[in-house]
Structure formats: C-alpha cells, structure tokens
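Number of protein chains: 2
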Amino acid sequence: MSFKVVARDRLKPECREEALKLIAELIAKTRQEPGNISYVYCKDTKDPDYYAMIEEWKDQEALEAHMQSEHFNYYIPKLSQMMAEPSRLEVYEELVK
Amino acid sequence: MSFKVVARDRLKPECREEALKLIAELIAKTRQEPGNISYVYCKDTKDPDYYAMIEEWKDQEALEAHMQSEHFNYYIPKLSQMMAEPSRLEVYEELVK
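Residue numbers (numbering that gives the first Met the number 0), protein chains in the order written: chain C, 0 to 96; chain L, 0 to 96.
Some clues are possibly wrong.
For identical chains, the list gives no copy identity; a pair is met inside one copy or between any two copies.
[Said to hold, decoys possible] Below, in silico cross-link-like pairs of lysine to aspartate or glutamate (DMTMM-like), each with a Cα-Cα straight-line distance of 25 angstroms or less:
1. Lys57 / Glu17
2. Lys28 / Asp46
3. Lys28 / Glu17
4. Lys42 / Glu89
5. Lys57 / Asp46
6. Lys28 / Glu60
7. Lys11 / Glu89
8. Lys11 / Glu24
9. Lys20 / Glu92
10. Lys45 / Glu84
11. Lys11 / Glu92
12. Lys42 / Glu60
13. Lys45 / Glu89
14. Lys11 / Glu60
15. Lys57 / Glu92
16. Lys77 / Asp43
17. Lys45 / Glu17
18. Lys57 / Glu84
19. Lys57 / Glu93
20. Lys45 / Asp58
21. Lys77 / Glu92
22. Lys42 / Glu93
Worth flagging that the hints you see were computed from the coordinates, not collected in a lab.
Produce the complete structure using the sequences and hints provided.
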C-alpha cells in the first residue's frame with residue numbers, strides 16, 4: 000500500500016511567481032526519484048491563497064528518502080520563507096485501494 | 000488539468016467496521032464513473048482517529064456528476080452519521096502537472 004501526502008501551503012502573494020518557479024524545479028527533480036508515484040502542485044478552488052502539494056509514494060522508505068534528498072533540503076527551506084504561515088503536512092497510508 | 004479532492008473524516012470508533020464496509024462499496028461504484036481517475040481511502044499515519052478519501056477527477060463536471068450520483072447520495076448520508084465530526088472537504092485544481 001502506498002503513502003499519500005497532502006502538504007497545504009499559504010503562499011505570500013508577493014512571492015507567488017518566484018515560488019511557482021522553484022516549485023516547478025522541485026517537481027522535476029522529485030519525479031526522478033524511483034519511489035515517487037505522483038507529485039502535483041494544486042490550487043485550492045475555494046480559497047485562492049491556499050495551495051497544496053499532493054503526493055504519492057511507493058512506501059514509507061521512499062517518502063523518507065525524499066525528505067533526505069539534496070533537492071528537498073535545498074528547495075524546502077527557500078520555499079518556507081515564501082509562506083504566510085507554516086505548511087500543514089498530512090501523511091496517509093492507503094487503507095482501501 | 001484534473002481536480003483533486005481531500006475529504007478528511009473522523010470515524011466514530013464504534014462505527015469503524017461498518018463504515019469501512021460501506022466505503023468499500025462506495026469505492027467500487029465510484030470507480031465505475033467515467034470521469035473518475037482515482038478514489039482511495041486512507042488512514043492518517045499520525046492520528047489514528049482520522050481518515051481521508053483522496054480523489055482525482057478528470058474535470059469539474061466529473062466531480063459534480065459524482066456528487067449527484069445515486070451511490071453518492073445513498074452512502075454519504077449514511078456515512079455522515081458514523082463521523083465524530085463533520086468531514087473537512089478540500090477541492091484542488093492541478094496547477095503544475
């Protein structure tokens with residue numbers, strides 16, 4: 000059973016353009032990881048200040064390897080400074096596939 | 000660009016077994032909808048009381064058709080009574096695929 004992650008962000012409006020550029024780079028690198036199944040950046044349809052990275056990983060080890068990767072540790076601290084509040088991170092394990 | 004839904008639930012512990020049976024039936028029917036890409040029930044890895052249906056739909060029309068379907072309107076009211084608090088529904092549009 001795979002793992003799914005919902006990382007919900009509130010981007011500072013003045014940082015939106017630069018953040019989306021960095022996020023596109025992070026996505027390209029993350030999709031090269033062998034344990035990544037899906038990694039998509041989304042916009043909340045009801046609240047325009049909120050975004051979310053919705054992720055799927057082969058297993059817990061794949062998710063842990065991602066969080067230790069060079070690109071994660073390069074981009075996430077930069078992106079954190081562009082958020083209006085701390086990200087909300089939820090990690091789920093598939094129960095009924 | 001597809002739509003993703005995160006519907007987070009807190010199941011009443013005494014209803015867990017029955018709810019999971021109904022959810023498995025709802026999943027089987029939902030996956031037959033032509034606009035459904037993915038519909039997976041998950042368990043929060045940090046908080047054992049919480050679950051989430053994590054969904055992907057071809058477009059907004061597909062999601063609207065789902066919410067008007069016979070199975071949605073049969074199962075969701077039944078399941079709502081098995082929740083310890085109202086579900087938290089977030090709808091996202093893919094921004095960077």
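Hints broken by the structure, by number, lowest first? Violated hints: 1, 2, 14 and 18; rest satisfied.
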